[in-house]
Structure formats: C-alpha cells, structure tokens
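A.B. asks: The chain contents come next:
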Amino acid sequence: MRKLSTSLCAAGLLAMVTAGSAIADNHDDQIALGKAVYLDKSRGNCISCHTIADPDANLAGNQGPPTLSMKTRFPDKRKLRAQIWDASKNNPLTIMPPVGKHWILSEEEIDAVVEYIYQF
Amino acid sequence: MKIIRKLALGFAVAAATHITYAADTGFDMQTVDPEADRIALQNYYKSRFPDTELADYVNGIYSVDADSREQWVELEEFPPYEFDVEKGEELFNIAFANGKGYADCFENGGIGIRHKYPYWNKEEGTVKTLEQEINECRVKNGEEALKWSKGPIAQISAYMAWTSRDKVFDIQIPEDDPRAKAAYLEGKKFFYSKRGQLNLSCANCHLQGSNIRIRADLPGPQLGHVTHFPVFRSKWGELGTLHRRYSGCHRDSRSDPLKPQAEEFRNLEYFQSYMSNGLVANGPGARK
Amino acid sequence: MNKGLIIAAVLALAPTFAAAESFQNAFEMNRAMYGKGHVFTWQGKQYTTQHEEEAEAAVKATKANAEALLDKAKAKNAEVAELGYEWKLTRGLLKEAQTAIDEGDYQKALNLAAQAKYHARMGIQQYHYAQANWHLAVPQ
Numbered sequence: 004m005r006k007l008s009t010s011l012c013a014a015g016l017l018a019m020v021t022a023g024s025a026i027a028d029n030h031d032d033q034i035a036l037g038k039a040v041y042l043d044k045s046r047g048n049c050i051s052c053h054t055i056a057d058p059d060a061n062l063a064g065n066q067g068p069p070t071l072s073m074k075t076r077f078p079d080k081r082k083l084r085a086q087i088w089d090a091s092k093n094n095p096l097t098i099m100p101p102v103g104k105h106w107i108l109s110e111e112e113i114d115a116v117v118e119y120i121y122q123f
Numbered sequence: 117m118k119i120i121r122k123l124a125l126g127f128a129v130a131a132a133t134h135i136t137y138a139a140d141t142g143f144d145m146q147t148v149d150p151e152a153d154r155i156a157l158q159n160y161y162k163s164r165f166p167d168t169e170l171a172d173y174v175n176g177i178y179s180v181d182a183d184s185r186e187q188w189v190e191l192e193e194f195p196p197y198e199f200d201v202e203k204g205e206e207l208f209n210i211a212f213a214n215g216k217g218y219a220d221c222f223e224n225g226g227i228g229i230r231h232k233y234p235y236w237n238k239e240e241g242t243v244k245t246l247e248q249e250i251n252e253c254r255v256k257n258g259e260e261a262l263k264w265s266k267g268p269i270a271q272i273s274a275y276m277a278w279t280s281r282d283k284v285f286d287i288q289i290p291e292d293d294p295r296a297k298a299a300y301l302e303g304k305k306f307f308y309s310k311r312g313q314l315n316l317s318c319a320n321c322h323l324q325g326s327n328i329r330i331r332a333d334l335p336g337p338q339l340g341h342v343t344h345f346p347v348f349r350s351k352w353g354e355l356g357t358l359h360r361r362y363s364g365c366h367r368d369s370r371s372d373p374l375k376p377q378a379e380e381f382r383n384l385e386y387f388q389s390y391m392s393n394g395l396v397a398n399g400p401g402a403r404k
Numbered sequence: 014m015n016k017g018l019i020i021a022a023v024l025a026l027a028p029t030f031a032a033a034e035s036f037q038n039a040f041e042m043n044r045a046m047y048g049k050g051h052v053f054t055w056q057g058k059q060y061t062t063q064h065e066e067e068a069e070a071a072v073k074a075t076k077a078n079a080e081a082l083l084d085k086a087k088a089k090n091a092e093v094a095e096l097g098y099e100w101k102l103t104r105g106l107l108k109e110a111q112t113a114i115d116e117g118d119y120q121k122a123l124n125l126a127a128q129a130k131y132h133a134r135m136g137i138q139q140y141h142y143a144q145a146n147w148h149l150a151v152p153q
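Chains as they are written, first to last, in the working numbering: chain R, 4 to 123; chain X, 117 to 404; chain E, 14 to 153.
Worth double-checking, as some hints may not be accurate.
[To be verified] Pairs of lysine-lysine residues, derived as DSS-like cross-links and limited to a Cα-Cα distance of at most 27 Å, are as follows:
(1) R:Lys80 to R:Lys92
(2) R:Lys44 to X:Lys375
(3) R:Lys80 to E:Lys58
(4) E:Lys87 to R:Lys104
(5) E:Lys49 to R:Lys74
(6) R:Lys82 to E:Lys58
These are computed hints drawn from the structure, not numbers from a lab.
Taking the hints into account, I'd like the entire structure generated from these sequences.
C.D. replies: Right under this line is the structure:
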C-alpha cells in the first residue's frame with residue numbers, strides 16, 4: 004500500500020516511468036522484497052504451494068508446480084508476470100489466487116516476486 | 117464515470133445470460149441427481165486413491181495419508197475428545213428448569229440418531245441440523261440457547277454422535293417437496309463455487325487439493341468429510357462443531373464469513389452429508 | 014498524456030457485449046503483463062492499464078472528493094454483500110478510509126476507498142462468474 008499510494012499520487016505516466024527506473028536501480032532491494040512476499044503468510048504466501056530452492060524456504064507445500072527453471076519455462080518474463088497476476092486466466096479451476104487481479108498484492112510486489120523467482 | 121457504470125452493468129448482464137447456456141446435466145432443478153453425484157464422487161476418489169477402501173473415508177485425511185495416519189492412530193488411543201463426550205453425556209442428562217430434558221425433544225430419546233442429520237423439514241421449509249434442534253429444544257423448554265461453535269453445544273453433539281457410532285448415514289431428499297432438492301442443489305453449488313479474495317472453492321482444497329500439501333497441511337477429502345464431527349482439533353485445542361469449521365474455511369478464502377447455522381451452511385451440510393450416505397457416523401473425531 | 018481522456022475514450026468505444034468483453038481481455042492481459050501505467054492499443058486507439066477506481070482516486074485530494082468515493086465504495090460493497098460474496102478485508106479498508114478522512118489525509122482515504130471499491134466490484138464479477146461456471150468443477 005505504501006508504494007501504491009506513492010504511485011497514485013503521481014500526476015501522470017511520466018512520474019510512474021521515473022519511479023520504475025528508480026526501482027530498477029535497486030534490483031537487490033526488489034529481490035529482497037520479492038523474497039519477503041514469497042515467504043510471508045499474510046502477503047504472497049507463495050511458499051504454501053510452491054517449493055523453491057532457497058535455503059530460507061522451509062516446509063513448502065506442493066499444490067502447485069515447483070518454482071524452478073523459470074527462465075526456460077518463461078523466456079518472456081511478461082508472461083510469467085501475467086501468470087502470477089491471474090493464474091485463473093489459463094486454468095479457471097486453479098487453486099492459485101489471482102494475486103494481481105484481486106489486488107491481493109500491489110503491482111510493485113508482483114514485479115518484485117517476478118524478479119525474485121526469475122533467479123531460480 | 118456514467119459510461120463506466122454502464123459498462124460494468126453490461127458485464128453483469130453478459131455474465132447472467134451465460135447461466136442459461138451453462139445448464140447441463142445435474143446442475144439445475146430439472147436435472148440435478150444426488151445419487152449420480154454421490155456415485156461420481158466415489159468414483160473420483162476410487163481413481164485418485166485406488167488403495168483406499170470406501171469405508172475408510174470416514175477417517176478423513178488419514179484414509180489417504182499413511183504417515184499422518186500413524187500419529188493419529190496413536191492419538192486415538194487416548195482420544196482428546198473423551199472428556200467432552202463424558203461432559204456431553206452429563207449435560208444431556210441434566211433436566212431443564214421445567215423438569216424436561218433433551219431426551220424429550222428427540223426421537224428415541226436422542227440416542228443413536230446422529231446419522232439422520234441434517235434432514236429436510238417440510239413444515240418449516242428448511243434444512244435442520246442436530247445443533248439447531250439441540251438449541252430449539254432448550255428454547256422450547258424455557259432455557260437460553262447455547263453459543264453455536266464450541267463448548268456445551270459441541271459436547272452435547274459429541275455425546276449424541278458417540279451414541280450413534282457405526283450407524284450408516286442415510287440422508288433423505290424427499291421427492292414430494294422440490295424445495296428439498298433445491299436446498300441440496302444450493303449446497304452443491306456452494307461447495308463448487310469460488311469465492312473470497314483468494315478465489316477459493318471448498319472443492320479447490322477438499323476435492324482437487326485432497327492430500328496435497330498446503331505448506332505443512334494436508335486437506336482432507338470431501339468424501340466422508342462430515343461423518344466425524346464435532347471434532348477435537350489440535351489447532352483449536354478444543355472441540356468444535358462442523359459450522360465452526362465452515363466459518364473458519366470460509367474466512368480462509370478471505371470471504372466475509374457466514375455465521376454458524378446460516379442457511380447456506382445448512383444447505384452445504386445437507387449436500388456434504390448426502391455425499392457421505394453409506395458411510396458410518398464416527399463422531400466425535402480428532403484432527404490436526 | 015491525459016489519463017482521464019484516454020479512459021473516457023476507451024469506454025465510449027464499447028458498444029456491444031462482445032466488444033466490451035474483448036476490451037476487458039485486452040485490458041487484463043496488459044495489466045497482467047505490465048502492471049499499471051502502461052499504454053496499449055486496442056482497435057486502433059490508445060488506453061492505459063489503469064483500473065476505473067484508480068482513475069477515480071486520481072482527483073484533487075479534498076474532503077468532498079474523498080467522501081464521495083468512500084460513499085461509492087460503501088454502496089458497491091453493500092451490493093456484493095447482498096449477493097453473499099463480500100470479501101473479508103473490504104470493510105476494514107472502508108473503516109481505514111473513514112479514519113484517514115477524519116485525520117485529514119484525503120489522498121490516503123481516496124486510495125483506500127478505491128481499493129475497497131475495486132474489491133467489491135471484483136466480488137460481484139466473481140459472483141456472476143460462479144453462477145455461470147461452478148458446474149465445471151463437479152466430477153462427472
């Protein structure tokens with residue numbers, strides 16, 4: 004919500020583009036945010052269903068496919084983002100919550116998760 | 117903004133018109149067939165877990181997961197609900213201020229009848245649950261109604277379930293009142309509909325997700341789901357009713373949760389209990 | 014680049030359900046791939062990936078504007094509650110928005126009300142989707 008408020012305050016697209024490049028400058032911060040979102044039960048809680056080869060990820064569930072070979076599986080990072088934003092688009096019966104479409108995570112958090120998992 | 121509102125309305129209407137096309141066998145009042153549903157569900161689980169005997173589904177997740185079954189069998193040696201059954205028997209037998217008791221309100225003095233609940237009440241035009249009739253019995257005799265989720269009502273229900281162990285569930289959907297079938301259909305629809313911010317249906321976890329880990333938890337199968345209620349749940353550290361669990365699940369989907377004994381939950385219980393027809397009542401149960 | 018104009022143009026362009034649906038698809042696909050603030054082309058015209066509610070919150074941060082959006086959000090949430098599909102956190106957002114108004118933080122109130130209204134709108138959409146599609150999940 005913090006980041007969301009900032010962006011909404013922005014008067015126009017230009018401001019958003021600027022904010023976007025500021026994030027890119029802090030790629031490590033973004034990955035740290037993505038990891039926090041992935042692991043935190045009240046945020047993304049991705050770990051509840053997707054195993055990941057991060058030593059800090061304990062007792063992951065297996066309702067969904069493991070988070071691995073992301074670059075091979077999703078050569079287009081935008082397609083990966085879309086899959087996270089609304090997995091029910093491709094599979095209406097999926098158990099995976101539409102974390103973007105239902106505004107469970109902010110768009111910035113989703114970007115961060117994409118960067119985090121794209122390393123695996 | 118007016119245009120936006122019109123557009124939104126457009127979507128709603130477009131979505132509504134789909135309903136007519138969606139009507140397929142078993143999904144509306146003309147075609148819904150509870151027996152076909154029950155068989156289809158059993159077949160689904162037979163192919164999912166071919167090694168599990170049908171009768172074993174009353175043991176929930178322990179019917180399909182050998183590892184957790186071991187721990188559970190140990191737990192059942194000194195069942196955590198034992199005290200509650202004793203307490204429930206005591207409460208069941210304490211006479212009301214007017215000298216009457218629970219035994220006066222139920223068929224067969226309330227003994228060995230759990231497996232007949234819930235049932236369709238034609239006079240009232242609604243599904244009646246055991247807990248509901250426990251409270252109605254109290255109110256009719258000048259006592260205060262009990263809170264729905266835990267404590268005395270769960271204990272009394274546990275005792276009544278205990279006296280009904282091994283009786284075969286036999287939920288009826290009377291043909292002479294179409295509202296009964298409508299209530300069943302509503303319950304079925306509730307089970308399979310995605311809801312809440314997390315967009316989850318009951319089926320997401322308890323049908324397709326049965327015995328697949330959500331973090332360290334394994335969701336139990338929908339077949340035999342209700343037979344062992346009320347349950348002593350380790351997570352609660354106490355006994356609770358089926359509707360307490362319904363409210364919790366509903367909340368977990370990030371829906372604004374319905375209250376225990378809401379009509380939607382009673383219809384859901386009606387559907388789920390019908391799915392368990394042919395299985396035995398084995399409440400109260402112990403669950404993680 | 015005036016967001017208001019782009020959005021108004023978008024919506025005026027949706028004369029039939031089919032077109033509305035395919036615009037909705039295009040919008041969601043672009044939002045899903047790029048987040049907010051992305052410009053895309055649909056049937057030869059340009060639009061942004063901004064939710065209706067985000068546009069509603071991008072007004073002057075005044076008490077009157079915040080109260081107006083909060084009222085709309087409350088009404089939308091009452092609508093979804095009526096359908097039995099109210100989400101768990103929405104009333105909390107509405108309360109927080111009211112608190113923000115009381116504290117004079119109108120931009121925060123607008124943002125919270127926008128999110129609440131979006132949640133309510135999605136809940137309504139979810140209800141209609143479930144009505145039409147719940148049967149797909151039933152084992153045959």
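A.B. asks: Next step is simple, just say for each hint if it's right about the structure.
C.D. replies: Here is how each hint holds up against the structure:
{"no.": "1", "hint": "R:Lys80 to R:Lys92", "in the structure": "17 Å, holds"}
{"no.": "2", "hint": "R:Lys44 to X:Lys375", "in the structure": "25 Å, holds"}
{"no.": "3", "hint": "R:Lys80 to E:Lys58", "in the structure": "26 Å, holds"}
{"no.": "4", "hint": "E:Lys87 to R:Lys104", "in the structure": "20 Å, holds"}
{"no.": "5", "hint": "E:Lys49 to R:Lys74", "in the structure": "24 Å, holds"}
{"no.": "6", "hint": "R:Lys82 to E:Lys58", "in the structure": "23 Å, holds"}
Hint check: no violations occur; every hint is consistent with the structure.
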